[in-house]
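Each chain, letter by letter, is given below.
There are 2 protein chains.
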Amino acid sequence: MIQNDLFLKALKGETVERPPVWMMRQAGRYLPDFMKLKAKYDFFTRCQTPELATEITIMPIDQIGTDAAILFSDILVVLQAMNIEVEMKPEVGPWIPNPIRSEKELNEVIVPDASVALDYVIKAIHMTKQELNNRVPLIGFAGSPWTLLCYAVQGQGSKNFDKAKAFCFSQPELAHRLLQMITDTTIDYLKAKVAAGVDAVQLFDSWGGLLSPDDYNIFSLPYIRQIVSALKDEIPVIVFGKGCWFALHDMAQTGASALGVDWTCTARNARYLSGGQITLQGNFDPSRLLSPIPTIKSEVKKMIDGFGKDRYIVNLGHGILPNIPVSHAQAFVDAVKEYKA
Amino acid sequence: MIQNDLFLKALKGETVERPPVWMMRQAGRYLPDFMKLKAKYDFFTRCQTPELATEITIMPIDQIGTDAAILFSDILVVLQAMNIEVEMKPEVGPWIPNPIRSEKELNEVIVPDASVALDYVIKAIHMTKQELNNRVPLIGFAGSPWTLLCYAVQGQGSKNFDKAKAFCFSQPELAHRLLQMITDTTIDYLKAKVAAGVDAVQLFDSWGGLLSPDDYNIFSLPYIRQIVSALKDEIPVIVFGKGCWFALHDMAQTGASALGVDWTCTARNARYLSGGQITLQGNFDPSRLLSPIPTIKSEVKKMIDGFGKDRYIVNLGHGILPNIPVSHAQAFVDAVKEYKA
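Top to bottom, those sequences are chains A and B.
Each residue of the first sequence is one higher than the one before, starting from 1 at the first, in this note's numbering.
Each residue of the second sequence is one higher than the one before, starting from 1 at the first, in this note's numbering.
Don't take each hint at face value.
Since the list can't tell identical chains apart, any single copy or any two copies may satisfy a pair.
[Claimed, not checked] Straight-line Cα separation of at most 27 Å, BS3-like style, residue types lysine-lysine; simulated pairs:
id, residue 1, residue 2
1, K309, K340
2, K89, K337
3, K12, K232
4, K38, K159
Everything labelled a hint here was simulated from the structure, so no lab data went into it.
Build the full structure now, drawing on both the sequences and the hints.
This is the structure we're talking about:
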């Protein structure tokens with residue numbers, strides 16, 4: 001049994017003494033020990049070496065005391081498994097040398113046996129679960145099919161992913177073929193993670209907010225729905241769509257256990273839009289962790305008062321920024337642990 | 001009298017036979033004639049030469065037939081007038097060599113006599129009004145103080161303007177001093193534009209959507225409110241905040257004649273959030289102009305049906321993209337002119 005089960009209780013909607021807290025990208029660049037590993041090993045080496053992924057995953061549990069661990073990995077490993085080459089270029093970020101722009105490139109894409117192609121992730125889960133020794137739950141994650149398509153087609157990060165959107169709007173049949181292949185791979189991948197022992201999974205729709213609600217219902221939501229349907233009877237699923245306030249109502253109908261919200265959506269709006277019953281997760285502006293510590297603490301208190309302590313998981317509204325002082329991340333987590341209604 | 005006064009009627013909330021249409025950045029890089037001028041003159045030369053600004057402003061009126069002209073210029077000329085150097089770097093975009101990060105740089109910033117410092121804009125307005133010869137109204141514009149602060153502090157474009165937000169959250173007194181100086185300059189600047197003959201003004205809060213609603217109410221809205229208050233009795237003001245769906249209610253209380261909305265906000269949500277009385281402007285996804293022409297036409301029809309023909313100005317949800325075929329921009333405008341309820 002998991003000793004600190006606050007996170008799992010919140011996912012089930014059970015009453016808790018205080019909400020659980022974790023931070024997106026908590027195992028990352030604001031931690032000095034992470035930076036030491038970053039200096040020695042390149043990005044995908046860190047993802048692909050179970051010992052390193054485990055060490056990084058555990059860091060924020062030992063050092064900051066969050067209530068859940070999230071496996072150190074990257075959403076783009078799924079594209080790699082699908083025979084789409086992905087590099088991590090310094091200064092540039094993700095880089096796909098042969099982006100998918102036509103049927104020719106699409107024909108090279110495969111739906112792999114995910115547990116074989118991504119066996120290093122499975123090994124990292126086994127190793128992390130052992131190291132965690134049931135202290136806190138372990139979250140596995142994947143990108144949403146739409147968000148992965150964005151990278152696969154655009155070929156790199158982008159403000160508006162215009163090439164990805166042009167692909168969808170001018171060649172929708174190809175787009176849906178790719179989205180379905182990503183969906184099938186993701187379901188297989190997440191089921192392998194569940195079998196390996198993760199306690200919950202989160203889907204990141206990082207670029208869902210670039211779509212209009214109509215287009216979201218065409219290119220993103222149906223695939224998220226498939227994934228949640230395939231997993232929800234086995235494990236709690238959290239769906240986080242950045243900028244996807246407009247989809248909270250439909251997301252709440254997918255069978256997900258919780259929805260992530262970003263900081264542009266107030267607690268009141270998020271409860272209203274999601275229907276008021278489902279567990280919500282978020283939504284501190286990551287930049288707000290640059291405020292003085294007393295401000296961080298009072299803002300966290302205000303945020304929990306807004307969402308309420310139950311059916312709520314404290315988190316940031318997006319990943320923690322690299323320039324956040326560790327003491328500020330610590331203050332964020334401490335403020336949750338000190339919470340009194 | 002303006003011959004085609006659809007746009008002004010929509011701003012007043014009057015009944016029209018069809019909604020007016022214009023496109024943000026309509027005088028821009030999707031037009032081959034614009035690209036010819038771009039090859040000959042650098043960015044700020046085009047802004048600072050009244051003959052060129054006039055020629056560019058008129059282009060979409062003659063070539064695409066939009067119902068309003070918007071003066072070719074840039075929001076960053078206001079920073080230049082305030083003694084903040086701004087360059088336009090190829091591949092990079094806006095570039096501020098000495099961004100404002102402390103009191104030292106802030107002390108160099110001035111509140112100029114805008115009609116003197118930006119006399120080239122005033123001249124361009126006189127010239128454009130003459131060329132337009134009352135065919136359609138002319139819109140003047142400015143960036144919101146928050147959006148201008150983003151550039152002044154960050155020093156360049158950014159996905160999250162983390163340095164600008166860090167400045168506001170860690171040195172709020174300096175941030176408010178800068179915001180007030182931008183506000184005072186902007187009011188003076190827009191009043192000079194009104195005196196020169198523009199028929200409406202639009203405030204662009206391009207980066208308002210990066211703030212939480214609470215922070216929006218601290219760092220953006222109060223300054224927008226000051227500007228609208230200072231102008232609304234002289235001229236209709238449109239406020240457009242990208243990603244600012246959460247602020248539509250408060251924006252509608254500023255006295256603005258219309259609010260711009262982006263494509264993540266459905267007509268239904270925009271009417272609900274803004275209170276259902278104020279004129280709305282938007283919100284076609286600029287990437288959707290890459291769809292086949294018949295799709296563009298049916299989507300425009302659907303959009304107008306959603307907003308309703310009255311108290312509505314057809315526009316994109318953000319600036320037109322450079323890679324849009326002229327025929328697709330034309331189809332967008334034509335679809336509005338062909339609209340039958």
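Item to check | Within, between, both or neither, where K12 and K232 count as close if Cα-Cα is 27 Å or less | outcome: within (12 Å within a copy, 51 Å between copies)
Next on the checklist: Please sort K38 with K159 into within, between, both or neither, judging by C-alpha distance up to 27 Å.
Outcome noted: Answer is both; intra-copy 26 Å and inter-copy 23 Å each pass.
Next on the checklist: Regarding K89 and K337, is the shortest C-alpha distance of 27 Å or less found within a copy, between copies, in both, or in neither?
Outcome noted: Neither. Shortest intra-copy (38 Å) and inter-copy (48 Å) distances fail the 27 Å Cα cut-off.
Checklist entry - Should K309 paired with K340 be assigned to within, between, both, or neither, using CA atoms and 27 Å as the limit? => result Answer is within; shortest intra-copy Cα gap is 9 Å, inter-copy 51 Å.
Hint compliance for this structure: hint 2 is the single one not met.
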